[in-house]
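> Read off the chains here:
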Amino acid sequence: MTIDSYRFLDFASRQIMKAWAARETRKEIPFTPLAKPLRECTVALVSTAGVARNDDLPFDQEGERRNPWWGDPSFRMIPLGTTEKDVKLYHMHIDTRFGESDLDVVLPMRRLTELACEGVIRRPAPTHYSVMGYILDPTELVEKTAPAIAAQMHHESVDAAALFPA
Amino acid sequence: MGLVQRVLETSGIPSVTLSMIPDLTRVVGVPRLAGISYPMGQPLGSPHDVDGQRAVLRATLELLTTATGPDAYIELPFKWPDSPARVRNASKDLPPPPIVDLLKKKPWLTIKLYSGHIPHVEENTQLEQSP
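Those protein sequence lines, which keep their order, are chains A and B.
No gaps in the numbering here: position 59 of the first sequence is 58 in numbering that gives the first Met the number 0, and each next residue is one more.
No gaps in the numbering here: position 11 of the second sequence is 10 in numbering that gives the first Met the number 0, and each next residue is one more.
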């Protein structure tokens, strides 16, 4: 690995992320081969920027303020065509102003549509997804949220997913 | 996020993660990972850099095709235009996240964040009320 993963982080965040990386144990890694060429695939995107539409339930920032060890483990669906005008970003550990001035910085639905026009993929899925970053206890995220996202993707015949930690 | 990717992949959806901290994402054990040396909060690139964002997205999606087995890892060649000091400076005016405020007041809890031994809510409520 030649990328310095910690280059842009402050000292404290760097130390903590290094400690987390050192703590992980080797697990078996799942792998599903792509079933068809990318140009024939419907693709869905997932962002951890805590994106929620203004007409949807906000992520629970108050809960994290009350208990800083907790992060909202739920998810929001973001229909294709949603722009920065329609959303707020709730992740409390990043500068959300970049994604709020241009949603494609964290959830590149317009760029994905352009790639479909170029023939790189077949089409963007009708629905994309967001969760919050910084979930220290991932139990509910893994046991409830991720399976619910997977189920919705299967329902929309998604062939491949791209995930964007923010 | 790596954990979400593992669930998607296990359910039969091929997946790729673009990570600004590939060191950490990789040890979680993900099928396909593209590392990029960009700052937090801007994984695809700067706001309104349409061509740059599309190039990053395209390079990320290409790993879906080129990966032949689990733990596929590539490093994207894109360079961030600003120095780390300038990046940190640009976000200096933001309020710190709640955990940073808490650890400033109770630095002895930092070990829990390092070790991943996260206090339960009840336990934490008591900690909040202690002087």
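Take these hints with a grain of salt, some might be off.
Calculated lysine-lysine pairs in the DSS-like style (CA-CA distance at most 30 angstroms, straight line) [unchecked claim]: (1) B:Lys-103 to A:Lys-87; (2) A:Lys-143 to B:Lys-91; (3) B:Lys-91 to A:Lys-26; (4) B:Lys-111 to A:Lys-26; (5) A:Lys-87 to B:Lys-91; (6) A:Lys-84 to B:Lys-91; (7) A:Lys-17 to B:Lys-104; (8) B:Lys-111 to B:Lys-91; (9) B:Lys-78 to A:Lys-87.
Away from chain B, derived, C-beta distances all over 10 angstroms, residues of chain A [to be verified]: (10) Arg-52; (11) Asp-55; (12) Leu-56; (13) Pro-57; (14) Ser-73; (15) Pro-78; (16) Thr-81; (17) Thr-82; (18) Asp-85; (19) Val-104; (20) Arg-110; (21) Arg-122; (22) Pro-125.
Stretch-level coverage of chain B by chain A, calculated; a stretch enters the list once three of its residues show a Cβ under 8 angstroms from a Cβ in chain A [said to hold, decoys possible]: (23) 19-31; (24) 93-101.
Honestly, the hints are just simulated from the structure, not real lab data.
Even for Gly, the Cβ is constructed at its ideal location relative to N, Cα and C.
> Look at each hint and say if it fits the structure.
Outcome of the hint check:
1. The suggested pairing of Lys-103 of chain B with Lys-87 of chain A holds, with an alpha-carbon distance near 28 angstroms, which does not exceed 30 angstroms.
2. Among the hinted pairs, Lys-143 of chain A with Lys-91 of chain B is inconsistent with the structure: their alpha-carbon atoms are about 36 angstroms apart, more than 30 angstroms.
3. A hinted pair counts as satisfied when its Cα atoms are at most 30 angstroms apart, and Lys-91 of chain B with Lys-26 of chain A does not qualify at roughly 38 angstroms.
4. Between Lys-111 of chain B and Lys-26 of chain A the alpha-carbon distance is near 23 angstroms, which keeps this suggested pair within the 30 angstroms criterion.
5. For the proposed pair Lys-87 of chain A and Lys-91 of chain B, the alpha carbon gap of about 20 angstroms is at most 30 angstroms, so the pair holds.
6. Taking the CA atoms of Lys-84 of chain A and Lys-91 of chain B, the gap is about 25 angstroms. The hint holds against a cut of 30 angstroms.
7. About 23 angstroms separates the Cα atoms of Lys-17 of chain A and Lys-104 of chain B, which keeps this hinted pair within 30 angstroms; it holds.
8. Of the supplied pair hints, the one linking Lys-111 of chain B and Lys-91 of chain B holds, its CA atoms being roughly 26 angstroms apart against a limit of 30 angstroms.
9. With a C-alpha separation of about 28 angstroms, the suggested pairing of Lys-78 of chain B with Lys-87 of chain A holds against the 30 angstroms cut-off.
10. Interface exclusion of Arg-52 of chain A from chain B stands, the closest Cβ pair being 19 angstroms apart, more than 10 angstroms.
11. Its beta-carbon lying about 19 angstroms from the closest one in chain B, Asp-55 of chain A satisfies the requirement of being farther than 10 angstroms from that chain.
12. Against chain B, the non-interface label of Leu-56 of chain A holds: every CB pair exceeds 10 angstroms, the least being about 19 angstroms.
13. With a least beta-carbon separation of about 16 angstroms from chain B, Pro-57 of chain A lies farther than 10 angstroms from that chain, consistent with its non-interface assignment.
14. Every C-beta of chain B lies more than 10 angstroms from that of Ser-73 of chain A, the closest at about 12 angstroms, which supports listing it as non-interface.
15. Look at Pro-78 of chain A: its CB is around 19 angstroms from the nearest CB on chain B, clear of 10 angstroms, so calling it non-interface holds up.
16. No beta-carbon of chain B comes within 10 angstroms of the beta-carbon of Thr-81 of chain A; the shortest separation is about 16 angstroms.
17. Residue placement check: Thr-82 of chain A keeps its beta carbon more than 10 angstroms from all beta carbons of chain B (closest about 12 angstroms).
18. No beta-carbon of chain B comes within 10 angstroms of the beta-carbon of Asp-85 of chain A; the shortest separation is about 16 angstroms.
19. The beta carbon of Val-104 of chain A is not kept farther than 10 angstroms from every beta carbon of chain B, the shortest such distance being approximately 5 angstroms.
20. With a cut of 10 angstroms on Cβ distances, Arg-110 of chain A falls inside the contact zone with chain B, its closest approach being about 5 angstroms.
21. Every CB of chain B is more than 10 angstroms from the CB of Arg-122 of chain A (nearest about 13 angstroms), matching its label as outside the interface.
22. The claim that Pro-125 of chain A is not at the interface with chain B holds, since no C-beta of that chain comes within 10 angstroms of its own (minimum 15 angstroms).
23. Requiring three or more residues with a Cβ within less than 8 angstroms of a Cβ of chain A, the coverage given for the segment 19-31 of chain B holds, as 12 such residues are present.
24. For a cut-off of 8 angstroms, the count of residues in the segment 93-101 of chain B with a CB near a CB of chain A stands at 7, and the three-residue condition holds.
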